[in-house]
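Take the given structure of chain A and dock chain B to it, following the hints.
2 protein chains.
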Amino acid sequence: MTSQNPENSSNLENAMQLMIQTFHKYSGNEGDKYTLSRAELKEMLTQELGNYLGNAQDKDAVEKVMNDLDANNDGEVDFTEFVILVGALTVACNDFFLEYHKDDNKPGEKN
Amino acid sequence: MTSQNPENSSNLENAMQLMIQTFHKYSGNEGDKYTLSRAELKEMLTQELGNYLGNAQDKDAVEKVMNDLDANNDGEVDFTEFVILVGALTVACNDFFLEYHKDDNKPGEKN
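So the sequences go chain by chain: A and B. Going letter by letter, the first sequence gives residues 1 to 111 in UniProt numbering. Going letter by letter, the second sequence gives residues 1 to 111 in UniProt numbering.
In the DSSO-like style, the derived pairs of lysine-lysine whose C-alpha atoms are separated by at most 27 angstroms in a straight line are:
no., chain 1, residue 1, chain 2, residue 2
1, A, 102, B, 25
2, B, 42, B, 25
3, B, 102, A, 25
4, A, 25, A, 42
5, A, 33, B, 102
6, A, 102, B, 33
Just so you know, these hints were derived from the structure itself, not from any lab. On a predicted model such as this, the values are computed, not experimentally measured, just so you know.
Here chain A stands alone, though its shape is the one from the complex (with noise of 0.2 angstroms):
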């Protein structure tokens, strides 16, 4: 594996390889090597959403999914529901983005 960040992949490629490679990084510590336990996934958000979580307006989100998660728990977290959880945080930051943003969108300049 010789493609952690190859120069000529795009940005969204470049995302795409860093949430694999992420997920990977902490499902092999346990168990199953291809899921999370709540652990590996408590470590993950620890570890890797140390910025956001230290953010009070974001542990929100987390707890949410978090709380999401419970319910069809089954103590493991396959890749696709690690994907729903950034996913989720990924839109809250962009809500958060947005709202930071709202006087750029100001409609008046038609044309």
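Relative to the frame of chain A, chain B by itself:
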């Protein structure tokens, strides 16, 4: 905005930032600057997923997702739909990755 790829961001945070940056890079081209028109979506797919689209196997995955988007198609893709799209592609890539490394996970080494 000076935080494109801050050194102290984790891989997962970088992935999330890359997804947000990529969406807004294309969503601002025409119409609503916070949604992708179908033209913007196709441009994004072509520009950002060239390496994947070049591969027949993944072309299948993209078309499947495109059809899913068609179902509730109002001509615009918002950030949540974009994240679902990227997530589905990432899951497809991960499946490919798992298939490729299938032999690494032989169940036979109990203990």
